[in-house]
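Visitor: Here is how the chains run, residue by residue.
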Amino acid sequence: MKIKVLSLLIAATLSQSLAADIPRTANGKPDLNGNYNTATLTPLQRPIAFGDSLYLSKEAADKIVAAVAAEKAEGDKQIDGDREAPPAGGDGSQGAAGNVGGYNSFWIDNGDSRFEIDGKFRTSIIYKPDNGRLPKMLPVAQKRLSKLYARYAKKNTGSAWWLETDGPGPYDGPESNTPSDRCLQGFGSTGGPPMMPVLYNNYKQIIQSEDHIMILVEMVHDVRTIRLNSEHISRDIRKWMGDSIGHWEGDTLVVDTTNFTDTPGFGRATRDLHVVERFTLKEDNTLHYQFTAEDPNTWSEPWSGEYPWPRSDSPVYEYACHEGNYAMGNILRGARILEAETTQKAKN
Amino acid sequence: MTLIRIFIIVSAMAVTYFSSQVLAHHAFSAEFDPNRPLVLKGPVIRVEWVNPHAWIHLEHTTEAGEKEVWMVEGGTPNTLLRRGVNKNTVKPGTYIIVDGYQSKDRSNRANGRNITLADGKKLFMGSSGTGAPKDGADKKR
Numbered sequence: 247m248k249i250k251v252l253s254l255l256i257a258a259t260l261s262q263s264l265a266a267d268i269p270r271t272a273n274g275k276p277d278l279n280g281n282y283n284t285a286t287l288t289p290l291q292r293p294i295a296f297g298d299s300l301y302l303s304k305e306a307a308d309k310i311v312a313a314v315a316a317e318k319a320e321g322d323k324q325i326d327g328d329r330e331a332p333p334a335g336g337d338g339s340q341g342a343a344g345n346v347g348g349y350n351s352f353w354i355d356n357g358d359s360r361f362e363i364d365g366k367f368r369t370s371i372i373y374k375p376d377n378g379r380l381p382k383m384l385p386v387a388q389k390r391l392s393k394l395y396a397r398y399a400k401k402n403t404g405s406a407w408w409l410e411t412d413g414p415g416p417y418d419g420p421e422s423n424t425p426s427d428r429c430l431q432g433f434g435s436t437g438g439p440p441m442m443p444v445l446y447n448n449y450k451q452i453i454q455s456e457d458h459i460m461i462l463v464e465m466v467h468d469v470r471t472i473r474l475n476s477e478h479i480s481r482d483i484r485k486w487m488g489d490s491i492g493h494w495e496g497d498t499l500v501v502d503t504t505n506f507t508d509t510p511g512f513g514r515a516t517r518d519l520h521v522v523e524r525f526t527l528k529e530d531n532t533l534h535y536q537f538t539a540e541d542p543n544t545w546s547e548p549w550s551g552e553y554p555w556p557r558s559d560s561p562v563y564e565y566a567c568h569e570g571n572y573a574m575g576n577i578l579r580g581a582r583i584l585e586a587e588t589t590q591k592a593k594n
Numbered sequence: 109m110t111l112i113r114i115f116i117i118v119s120a121m122a123v124t125y126f127s128s129q130v131l132a133h134h135a136f137s138a139e140f141d142p143n144r145p146l147v148l149k150g151p152v153i154r155v156e157w158v159n160p161h162a163w164i165h166l167e168h169t170t171e172a173g174e175k176e177v178w179m180v181e182g183g184t185p186n187t188l189l190r191r192g193v194n195k196n197t198v199k200p201g202t203y204i205i206v207d208g209y210q211s212k213d214r215s216n217r218a219n220g221r222n223i224t225l226a227d228g229k230k231l232f233m234g235s236s237g238t239g240a241p242k243d244g245a246d247k248k249r
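Taken in sequence, the protein lines are chains Y and V.
Note that this note's numbering gives residue 533 to position 287 of the first sequence, counting from 1, and the numbers run on in steps of one.
Note that this note's numbering gives residue 202 to position 94 of the second sequence, counting from 1, and the numbers run on in steps of one.
Heads up, some of the hints might be wrong.
[Said to hold, decoys possible] Not the full set, but computed from the structure, chain V residues with beta-carbon under 8 Å of chain Y: (1) Glu-139; (2) Ala-172; (3) Gly-173; (4) Glu-174; (5) Thr-184; (6) Tyr-209; (7) Lys-212; (8) Lys-230.
[Unchecked claim] Here are the in silico distance ranges between beta carbons for each label pair: (9) V/Leu-225 <-> Y/Ile-483: 52 to 58 Å; (10) Y/Asn-594 <-> V/Asn-196: 51 to 57 Å; (11) V/Leu-225 <-> Y/Gly-496: 55 to 61 Å; (12) Y/Ile-483 <-> V/Gly-201: 18 to 24 Å; (13) Y/Pro-420 <-> V/Leu-225: 33 to 39 Å; (14) Y/Trp-407 <-> V/Lys-199: 51 to 57 Å; (15) V/Ala-172 <-> Y/Ala-399: 38 to 44 Å; (16) Y/Ala-315 <-> V/Gly-192: 47 to 53 Å.
[To be verified] These stretches of chain Y come out as covered by chain V in the derived footprint (C-beta under 8 Å, 3 or more residues): (17) 318-325; (18) 400-406; (19) 566-573.
What the hints contain is simulated information worked out from the structure, not anything from laboratory work.
Remember, it's a predicted structure, so these values are computed and weren't measured experimentally.
Note that CB positions come from ideal geometry on N, CA and C, so glycine has one too.
The following block holds chain V by itself, in its conformation from the complex (with noise of 0.2 Å):
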């Protein structure tokens, strides 16, 4: 088999997995506004440990210089924990960054596209695995 084909059919494979994915969770189109989006930064206040999906609340200081608590919504808790990292890993106090879009209801929630530190570095990495549909934060990908 030449390396082309194997390309082909490796490219192949993972459209396969994206689509067969695409209609099996939709919560976040129906939950956050395309056309509000935001980058929040501020210090980590408490995490929510919680299924389905795990909760990081922050303090933001908005550019008039009002400070106002959002959550950002991440994913289960569950695949943390076999990877090591644990509520305490975060800890208040830790100053994080968000970019994402704010919900739909217009509370003070948004879904934490890209969760880094102040230098960008991501909050959790070393995922045994891939198949997150694209979150589009790389133009490159």
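So that you can see chain Y by itself, here it is in the shape it has in the complex (with noise of 0.2 Å):
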């Protein structure tokens, strides 16, 4: 007797398990389709003074939250309206300011607020390795990375170094620029996969059917689309997002990504980048994003990341990104003058 109602307990529980209470479409599955908002404050990668702690206090993570809005309140301050011009030579900024300074405050949105799952915050979007981190990259990475960089890691000085360095130069023309820099594809992989929360443009909206998937980015406008119970594509063919092919596993949608380009959007990585990619809808109306990635050209090892995607009410707007991509004639003329005035320089 005793087995009996422990078996139907059992199986009560399962079958509540299975039957989530979430929305669903026709055919049953989890219904996917909607807008979501992937922004977060919580980093890709667990500060190194974490260790390997996955979670966060909440005093701690209501302290980051608090710091963050600080900052953004300082950014809005008023300021001198006579004042003078910035320093010549440069403002010093680094990274994507490059010295001329980037955007104010007021273009970033990057969500206000770290995610937690299962009620406890996290302290980096990665899980796996347990230090939070990307494991350690190979050799050969190291090499490809450190050259494809080197560009960045110059100093904007206003002139044409590269003109003294073998060579292509970084500006020769268009296809010298990087993909998300020509609006082929959004950077910081924010259409991956894996994909990854960015500075702004962090809308998602999914379409969903009973043999498709597809997911609209709000970035540069990238467009997944994702065959169910299919086969990847010949080897042959090589996409920038990759070739996705995905299937349900009870109401958890498994999706498979091979044939990248030799340009994916998680920029370390290389065409051999494997991702499997799992989309659970919970019924606090979040979908819970987790993903595993592994590349043989790239790491150690593969790696596991997971955050929520809220469920938003704002439509995705258009992101015709090329159309008003007046920076890249900007860049290109720029690079012409600069040489063209070294060279008049070293003959003088």
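Hints given; two lone chains; assemble the complex.
Guide: Shown next, in the form of structure tokens:
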């Protein structure tokens, strides 16, 4: 009798977990249709200070959110209307701002909170390896990336420094610029896979049918089309966001992606990148996004991450990047002028 | 956890966030010349509400009294739309002050490090997040 009751209880629990209280399509699959805002203040990689701690206390999470809000408020403050021009030679700003200043905070939309999973704040999106950081990079990858990123390591001095180096210059033509600067692919792996939160345009739209899932990525209008219950296409055919096939495992959509080009959205990887993603709709109306990435040319081991995609009422706006990309012309014309000046100086 | 430890971790988080974005988007360094700083002052003529970046056109008057039309680069209009700012918010005729650097191609284009009204109030405010590359305008930051 006891065994029978126990069996019934187990069966009831199982059927409950299989039939989560979530919206479903006519054929009974979780209904993923809709828009999501994937912005989060939680970083991809865990700061080293946290060691192997996956979780963040609420106190620490609140502090970080408050610090970001304070910085935002600082950026909004009134400044001197009668101000001088910034310093000649550059303002010393780093990274993307490139010694000339970048976006002010009003253009940025990277979220205002840190995500929780099962009621616990996380220190990073990556949860495997245990330190929450990308695995050790293989020597071949280090060599490849140091060459690739040499141009970005160069300080912007307003000169044609590349004339003093061997090989093609970084701004010889449109093709020598990155896919994101060319509006071909969103930066920071926003379209992925794996799909990452970035500085802005973090909205996604999912359209679902019985045999396809489409994910529209606001940044650069990237569109992923996932064929369900299908086979990968020939390895000879390569795509910007790879070739994605999917299937349902219970209520979880599992997507397998291969066949990348030489420039996957996740910039450190190569054409041999392989990504498996798992999308699970939760009863709190968020889409749980989990992924594992591996690349035999890049990392010493596979790595995994996860973060929730909350539903959003906001429409996904058009991002016709190429049409208004005046920056490309400015960059190429500017490079030609700097080269001519440098050559002229050398002659004199 | 002590407050000091939390402070250290918060700082580490910020550094990690910014450094993760370093290689994300570098066009500004390729596009603008650090040796050509400027301040532009004048009325807005029109706003190109285009992606990837909005461009604000203004009529600047030089010290010699000549009028020049300049274009100033901002960020994506998508973010502003979500904050209730649209192309009708910045009306032609609005007097603005911009500090930044001229485009390397020597055309009348510049980046908008700071775009303010005459009294220094920021033209756009109320962002829902930060993470912007530091613009270096405020020495305290």
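Visitor: Need the list of violated hint numbers for this structure, in ascending order.
Guide: 2, 3, 4, 12, 14, 16
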